[in-house]
Amino acid sequence: MSLAITLHVLAAVIWVGGMFFAWMILRPVAGELLEPPQRLTLWYHVFQRFFPWVWAAVVVLLATGLWMLFGVFGSMAGASFHVHLMLVSGLAMMAIFLHIWFAPYPRLGRAVASENWAAGGQQLGQIRRLIGINLILGLATVAIASGGRFF
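One point on numbering: in the numbering used here, the residue at position 47 of the sequence shown is 1437, and numbering is uninterrupted.
Any given hint could turn out to be false.
To be verified - Beta-carbon label-pair distances, calculated as ranges: (1) G1499 to L1529: 35 to 41 Å; (2) L1481 to E1422: 33 to 39 Å; (3) E1425 to L1529: 41 to 47 Å; (4) V1403 to L1424: 26 to 32 Å; (5) Q1512 to H1474: 35 to 41 Å; (6) Q1512 to S1536: 35 to 41 Å; (7) S1536 to L1452: 16 to 22 Å; (8) F1463 to E1422: 28 to 34 Å.
These are calculated hints, taken from the structure and not from any lab test.
All C-beta atoms, glycine included, are put in the ideal place defined by N, C-alpha and C.
Based on the sequences and whatever the hints tell you, model everything.
Structure, rendered in C-alpha coordinates:
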(Lines of atoms letter the chains of each structure in order from A and count residues from 1; the text may use other names and numbers.)
(Lines give C-alpha, C1' and ligand atoms only; values in the text may rest on other atoms or scores of the structure.)
Protein backbone atom coordinates (compact mmCIF):
# COMPACT_ATOMS: atom_id res chain seq x y z
CA MET A 1 0.00 0.00 0.00
CA SER A 2 2.77 2.49 0.82
CA LEU A 3 4.35 2.09 -2.62
CA ALA A 4 1.01 2.31 -4.39
CA ILE A 5 -0.13 5.44 -2.59
CA THR A 6 3.26 7.13 -3.01
CA LEU A 7 3.30 6.51 -6.76
CA HIS A 8 -0.36 7.52 -7.01
CA VAL A 9 0.22 10.84 -5.25
CA LEU A 10 3.37 11.60 -7.23
CA ALA A 11 1.57 10.96 -10.52
CA ALA A 12 -1.29 13.24 -9.47
CA VAL A 13 1.13 15.98 -8.39
CA ILE A 14 2.97 15.84 -11.72
CA TRP A 15 -0.24 16.03 -13.77
CA VAL A 16 -2.25 18.53 -11.73
CA GLY A 17 0.79 20.61 -10.83
CA GLY A 18 1.81 20.79 -14.48
CA MET A 19 -1.66 21.96 -15.47
CA PHE A 20 -1.68 24.54 -12.68
CA PHE A 21 1.69 25.93 -13.80
CA ALA A 22 0.65 26.00 -17.45
CA TRP A 23 -2.73 27.63 -16.79
CA MET A 24 -1.90 30.08 -14.02
CA ILE A 25 1.71 31.04 -14.82
CA LEU A 26 2.85 30.23 -18.36
CA ARG A 27 -0.39 31.01 -20.22
CA PRO A 28 -0.74 34.64 -19.07
CA VAL A 29 2.95 35.40 -19.58
CA ALA A 30 3.06 33.83 -23.06
CA GLY A 31 -0.11 35.68 -24.03
CA GLU A 32 1.32 38.96 -22.84
CA LEU A 33 4.82 38.70 -24.28
CA LEU A 34 4.61 36.61 -27.45
CA GLU A 35 3.02 37.15 -30.84
CA PRO A 36 0.86 34.29 -32.19
CA PRO A 37 3.62 32.53 -34.19
CA GLN A 38 5.97 32.37 -31.21
CA ARG A 39 3.18 31.68 -28.71
CA LEU A 40 1.69 28.80 -30.70
CA THR A 41 5.12 27.31 -31.38
CA LEU A 42 6.00 27.58 -27.70
CA TRP A 43 2.79 25.86 -26.60
CA TYR A 44 3.17 23.05 -29.12
CA HIS A 45 6.69 22.34 -27.83
CA VAL A 46 5.59 22.64 -24.19
CA PHE A 47 2.88 20.05 -24.86
CA GLN A 48 5.40 17.81 -26.61
CA ARG A 49 7.39 17.69 -23.36
CA PHE A 50 4.47 17.66 -20.92
CA PHE A 51 2.11 15.16 -22.54
CA PRO A 52 4.46 12.14 -22.22
CA TRP A 53 4.51 12.89 -18.49
CA VAL A 54 0.72 12.98 -18.51
CA TRP A 55 0.65 9.60 -20.27
CA ALA A 56 2.95 8.21 -17.58
CA ALA A 57 0.76 9.75 -14.87
CA VAL A 58 -2.38 8.23 -16.41
CA VAL A 59 -0.81 4.77 -16.48
CA VAL A 60 0.50 5.07 -12.91
CA LEU A 61 -2.78 6.51 -11.59
CA LEU A 62 -4.84 3.75 -13.19
CA ALA A 63 -2.49 0.96 -12.13
CA THR A 64 -2.03 2.13 -8.54
CA GLY A 65 -5.67 3.16 -8.17
CA LEU A 66 -6.91 -0.25 -9.26
CA TRP A 67 -4.20 -1.92 -7.17
CA MET A 68 -5.45 -0.11 -4.07
CA LEU A 69 -9.12 -0.50 -4.99
CA PHE A 70 -8.95 -4.27 -5.34
CA GLY A 71 -5.90 -5.05 -3.20
CA VAL A 72 -6.83 -2.93 -0.19
CA PHE A 73 -10.59 -2.43 -0.40
CA GLY A 74 -11.33 -5.77 -2.07
CA SER A 75 -13.73 -4.24 -4.59
CA MET A 76 -15.76 -1.14 -5.37
CA ALA A 77 -18.23 -2.26 -2.72
CA GLY A 78 -15.52 -2.07 -0.06
CA ALA A 79 -14.46 1.46 -0.99
CA SER A 80 -15.76 4.64 0.60
CA PHE A 81 -17.83 7.14 -1.36
CA HIS A 82 -14.86 9.50 -1.78
CA VAL A 83 -12.93 6.71 -3.51
CA HIS A 84 -15.80 6.33 -5.98
CA LEU A 85 -15.69 10.10 -6.59
CA MET A 86 -11.93 9.95 -7.17
CA LEU A 87 -12.38 7.18 -9.70
CA VAL A 88 -15.12 8.99 -11.60
CA SER A 89 -13.29 12.32 -11.68
CA GLY A 90 -10.01 10.61 -12.62
CA LEU A 91 -11.65 8.75 -15.49
CA ALA A 92 -13.26 11.99 -16.68
CA MET A 93 -9.86 13.71 -16.61
CA MET A 94 -8.33 10.85 -18.57
CA ALA A 95 -11.10 11.02 -21.17
CA ILE A 96 -10.55 14.77 -21.59
CA PHE A 97 -6.80 14.22 -21.95
CA LEU A 98 -7.37 11.50 -24.56
CA HIS A 99 -9.56 13.90 -26.52
CA ILE A 100 -6.86 16.59 -26.37
CA TRP A 101 -4.19 14.09 -27.42
CA PHE A 102 -6.11 12.69 -30.39
CA ALA A 103 -7.96 15.79 -31.65
CA PRO A 104 -6.83 19.39 -31.03
CA TYR A 105 -3.18 18.62 -30.18
CA PRO A 106 -2.32 17.01 -33.55
CA ARG A 107 -4.26 19.76 -35.33
CA LEU A 108 -2.21 22.35 -33.42
CA GLY A 109 0.96 20.61 -34.58
CA ARG A 110 -0.18 20.65 -38.21
CA ALA A 111 -1.17 24.32 -37.94
CA VAL A 112 2.21 25.28 -36.47
CA ALA A 113 4.07 23.25 -39.12
CA SER A 114 2.13 24.95 -41.92
CA GLU A 115 2.26 28.37 -40.19
CA ASN A 116 -1.54 28.59 -40.18
CA TRP A 117 -1.69 30.77 -37.09
CA ALA A 118 -5.46 31.31 -37.16
CA ALA A 119 -6.16 27.57 -37.15
CA GLY A 120 -3.47 27.05 -34.52
CA GLY A 121 -5.08 29.69 -32.33
CA GLN A 122 -8.41 27.88 -32.53
CA GLN A 123 -6.82 24.59 -31.52
CA LEU A 124 -4.85 26.18 -28.71
CA GLY A 125 -8.04 27.81 -27.46
CA GLN A 126 -9.79 24.44 -27.38
CA ILE A 127 -6.84 22.83 -25.58
CA ARG A 128 -6.75 25.73 -23.09
CA ARG A 129 -10.45 25.31 -22.25
CA LEU A 130 -10.13 21.55 -21.84
CA ILE A 131 -7.03 21.85 -19.67
CA GLY A 132 -8.92 24.43 -17.59
CA ILE A 133 -11.72 21.92 -17.05
CA ASN A 134 -9.18 19.23 -16.22
CA LEU A 135 -7.43 21.54 -13.79
CA ILE A 136 -10.68 22.16 -11.93
CA LEU A 137 -11.42 18.43 -11.89
CA GLY A 138 -7.84 17.70 -10.79
CA LEU A 139 -7.94 20.16 -7.92
CA ALA A 140 -11.32 18.81 -6.83
CA THR A 141 -9.95 15.27 -7.01
CA VAL A 142 -6.97 16.22 -4.85
CA ALA A 143 -9.36 17.76 -2.31
CA ILE A 144 -11.53 14.65 -2.37
CA ALA A 145 -8.50 12.38 -2.04
CA SER A 146 -6.92 14.27 0.81
CA GLY A 147 -10.00 15.17 2.82
CA GLY A 148 -12.73 12.87 1.52
CA ARG A 149 -12.76 10.47 4.39
CA PHE A 150 -13.33 13.41 6.76
CA PHE A 151 -16.28 14.94 4.89
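**Item:** Contradicted hints - numbers only
**Value:** 1, 3 and 8
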